[in-house]
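Using the hints, position chain B against chain A.
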Amino acid sequence: MHRRLFIGAALLLSGCSTIGITDLFQDYATQLRPVRQAVSQNNIASAQQLLPSNSRGHSNYLLNQLETARLEFLAKQNSQANETFEAVYQNMEKKRQAAKVQLSAGLEQTNSLLTNDSVIGYEPAAYEMTMLHSYKALSYVFDKQLESALVEVRRANKVQEDALKDNQAVLDEQAEKAAEGYPDIAELIGNVKNGFQNAFTFYLSGLLYEADKQFDDAYIDYKKALEINSENSYLQQTVLRLAKKQGFDQDFEEFSKRFGKLKQTQANTGQVIVIAEQGLIPARQEFHLRLPIYTSRGDARFYSIAMPVYRDAPYAGSDKTVTFDGENLPLTPIVRLEALAAKTLKDQSAGRITRQVMRLVAKEKMRAELARSGGDVGNILANIYNIASEQADTRSWSTLPSQLSIAQHAMPAGQHALTVPGHGEIDFTVSKQGLTLIFLTSINNYYDTHVVQL
Amino acid sequence: MKLLSVKSAAAVAMTSALLLSGCANKAVVSYGDAQAVETTDINFGSTDLQKVASQMTDSLLASPVVGTMTANTRPIVFVERIKNKTSEHIDTESITDSISTQLLRSGKFRFVDMTRVEAVREQLNFQNVDPLVNPNTAIAFGQQVGAQYMLYGNLSSIVKSNADKADVYYKFTMRLMDLKSGLVEWADETEIRKTREKSTFGW
Chain A
1 MHRRLFIGAA
11 LLLSGCSTIG
21 ITDLFQDYAT
31 QLRPVRQAVS
41 QNNIASAQQL
51 LPSNSRGHSN
61 YLLNQLETAR
71 LEFLAKQNSQ
81 ANETFEAVYQ
91 NMEKKRQAAK
101 VQLSAGLEQT
111 NSLLTNDSVI
121 GYEPAAYEMT
131 MLHSYKALSY
141 VFDKQLESAL
151 VEVRRANKVQ
161 EDALKDNQAV
171 LDEQAEKAAE
181 GYPDIAELIG
191 NVKNGFQNAF
201 TFYLSGLLYE
211 ADKQFDDAYI
221 DYKKALEINS
231 ENSYLQQTVL
241 RLAKKQGFDQ
251 DFEEFSKRFG
261 KLKQTQANTG
271 QVIVIAEQGL
281 IPARQEFHLR
291 LPIYTSRGDA
301 RFYSIAMPVY
311 RDAPYAGSDK
321 TVTFDGENLP
331 LTPIVRLEAL
341 AAKTLKDQSA
351 GRITRQVMRL
361 VAKEKMRAEL
371 ARSGGDVGNI
381 LANIYNIASE
391 QADTRSWSTL
401 PSQLSIAQHA
411 MPAGQHALTV
421 PGHGEIDFTV
431 SKQGLTLIFL
441 TSINNYYDTH
451 VVQL
Chain B
1 MKLLSVKSAA
11 AVAMTSALLL
21 SGCANKAVVS
31 YGDAQAVETT
41 DINFGSTDLQ
51 KVASQMTDSL
61 LASPVVGTMT
71 ANTRPIVFVE
81 RIKNKTSEHI
91 DTESITDSIS
101 TQLLRSGKFR
111 FVDMTRVEAV
121 REQLNFQNVD
131 PLVNPNTAIA
141 FGQQVGAQYM
151 LYGNLSSIVK
161 SNADKADVYY
171 KFTMRLMDLK
181 SGLVEWADET
191 EIRKTREKST
201 FGW
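Protein chains in written order, with my numbering: chain A, 1 to 454; chain B, 1 to 203.
Chain A extracted, bound-state conformation:
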């Protein structure tokens, strides 16, 4: 009877095809390794070919679409990338509107007891959704469609708001601690928010609102970015500049005290903004424990535990400065996506451990049953299956950059050149009181630039 149930379970897994056979025995990060290698070797076309394409019912479908869209973005296929990103967004919207108790979700959880966590449908984390909207916004900006870019900005802000709501408890706890005698509450809250909010998205949103001459909206979003990342000197200057421009005198005074004086700019100048994507986000790695446990009768039983971890050191690339017409300026990180990814993993770990324990019990039940009905062969087969199918859930958007950095400089109207060490010059035009955006992507050997006058 149990063998039949087992066959039934196998049918069930393949019937609705939540995962493929490869996914059962190979974790996501391992599958994606060749793709990541191809990207760092500046071979996007081959990366696109190497990326497995998953069907709509696959548990990794949304993740797969994110990777596809990112590769399209890197290959400068903007409109295609936008379509793919939009499909992911629409899917997520549907999920958000789905019933509170979903039978299919329960089924996935049950399936995960007999296989591994990868059968649970992947839902992009908040930081991944903010990046999705940021890339869409950037694509629209590259195509000079500011109004559509602003739609994406508003969607991204909604994601951030929801993330804030979800983490309100953590913030409250920190605020309470702060009340007990921590020195600077603003600083502290900023550090906590750093874990789940994306300062880059707020910065981009501020920039695009500024380009649309909605200076109040721009100021609000710049301020939110500054709250998350208060060390970035360019951001400090930007907030000061807008506080002055919009006449927020009280804010201006307070920020001047905290961050120093606003650098004066001439009327004939425009702002040049460099946003640089650097490196490739670390992949989750598998932490595997194989436990041979002997019973009182001396029979060996093999149990396997697998958890995802991050092992890589933080990003330490050499691309730390850019040169504006001979003037060297540092590139300052605005968001470290690797940190956001690590925080997400940490938040998920409680559920993961619970499922791991339940899975250990379920698999042992299955083994015992097969050993009883199938003798030694059944026992061995079950042991092999248990070990081989235990894979850590290493799924996460793996073609994102490690971090994003910015540099900003006021320059007189006219022609100028930006020098990126090791990559030559980029020519650009500055208009009076205008904004010029230079977007750089450098992932090991991959290097690409976009210049847009906003």
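Hint data in this document are derived by calculation from the structure and do not stem from the laboratory. Glycine included, C-beta positions come from ideal geometry on N, C-alpha and C. Check before you lean on any hint, since a few could be wrong.
[Unchecked claim] Computed footprint of chain A on chain B; a stretch qualifies when at least three of its residues, placed anywhere within it, have a C-beta under 8 Å from a C-beta of chain A:
| no. | region |
| --- | --- |
| 1 | 82–93 |
| 2 | 153–167 |
| 3 | 191–202 |
[Claimed, not checked] To give an idea of the interface, some chain A residues facing chain B are shown, with a C-beta separation under 8 Å as derived from the structure:
| no. | residue |
| --- | --- |
| 4 | 95 |
| 5 | 99 |
| 6 | 101 |
| 7 | 147 |
| 8 | 148 |
| 9 | 158 |
| 10 | 379 |
Relative to the frame of chain A, chain B by itself:
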């Protein structure tokens, strides 16, 4: 024992069948009423578009100022655009198309179409420059009339959601400006609120 295994086999078969039927799709194509109320999801849809367009046209035509304006002449209007300030990609040109079509139908206004200026220029260039065209039939440059009024507006939204429901509020504002004096001769707004409550159980 045998009875039991037959039973269990049947149970497995039934669960599998149930599950598989969940994946199967049957597509049905049918025609519906284009004016029917559409509530597929909470996003901006055809009903909202129709509601906004017809309310705006009615309000504009019923306005006393417009009544005196159109008493003896048919003013020439150009549609600037509706600025999309929502968090959805909405084809606002489709809204302005509906409004301008309904206004034209009323016979009280005339329109110049700014979206086709390039095409007109290309055609006139062809008529005047290309030797294929008989110069006597070519339309000379510089004969089009200028618009007297500009129609423009904003569409903004507020979206809120929690675990139980989602709520979206749209506000559509429209204005008619006299291009000579810069005075706004007419303005109106219309609001739409949509709420969606989540079901408790689902597949």
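>> Which constraints among the numbered hints does this structure fail? Numbers only, ascending.
In response: 4, 10
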